[in-house]
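If you read the protein sequences in the order shown, they are chains A and B.
Residue numbering for the first sequence follows this note's numbering, starting at 1 and increasing by one per position.
Residue numbering for the second sequence follows this note's numbering, starting at 1 and increasing by one per position.
I should point out that these hints are in silico values taken from the structure, not numbers from a laboratory.
A hint or two may mislead.
[As the list claims (entries may be wrong)] Under 10 Å between C-beta atoms, here's a sample of chain A residues computed to sit facing chain B:
| # | residue |
| --- | --- |
| 1 | Arg-29 |
| 2 | Glu-56 |
| 3 | Gly-62 |
Even for Gly, the Cβ is constructed at its ideal location relative to N, Cα and C.
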Amino acid sequence: MQINGQPISTAAGSTLSQLLAQQGFDVARVAVELNGKIICRSDFSKVQLADSDTIEVVQFVGGG
Amino acid sequence: MTKQITRQQLSAALVERHGQERQQHLYTASVGIAGLGGLGSNIAVQLTRLGIGYLILADCDRVEISNLNRQSYRLCDIGRPKPEALTEQLLQINPYLCYEPHFLKLTPQNIPEIFAGCNIICEAFDDPEQKAMLTETVLQRLPQAKLIVCSGMAGAGSANAITTSRRLNRFYLCGDGTADIAADGSLLAPRVSVCAAHAATMVMRLALGFTTP
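Please model the complete structure; the sequences and the hints are all you need to start from.
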């Protein structure tokens, strides 16, 4: 599995929520693409990950 | 009082500077700006100078005295809804473009409707959770739109740390990615304007047919 271009290993059957928490992301401040498809925040805990998945996570910071 | 400048005169001046073909592309672009603070107000002014044909401007705030350090408003605008004050200013730069001001809070429910006609949308909020909400909503619900998001322009760090990158499908990120208002404590006009200029440059490039950052 790859997250932001880096290979990582995570337990089989982990959810996207679990992975994001494990990687230290703040789920309220991220946009996530799984295999090129944007994932809704409300689905993070439902999406089960596979070894072949490619994940892109952008975490936003405040100010504007 | 200066003599009224006609549409033809102003258009000829833009064509002279930008070229006929480029100006035609800029005139036909329709751009949404979500948030009209330090980023959004400065992005809007630059896009108006380019002659972007249609601008949709949304914000739920009124101009406050604390905005004047970096946002494109004046003392006389204090207390006015930002979309109204900004539209008035843009009309003074170019009265022959279309401006659609919306004084409201953007939500996942109204974003698809308000920005339905846009081919490019700029996220210019200050709250990171709002940035995430808009990104998710636009990428899910508006498949025709390209999105430019600003993140990381607080503090007094180098302007050279601010970049534009393409991070997701139809998604460009402008900023240094890390300088958070919560940690850096302040937003200063030059650095916020550099980030706004990155976003406006990406709008310009997309309108002209370039898709790389």
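Structure-based check of each hint:
Taking 10 Å as the C-beta cut-off, the interface hint given for Arg-29(A) holds, the closest approach to chain B being about 4 Å. Look at Glu-56(A): its Cβ gets to within about 6 Å of chain B, closer than 10 Å, so that hint holds up. Residue-level restraint check for Gly-62(A) holds (minimum Cβ-Cβ distance to chain B is 4 Å; threshold 10 Å).
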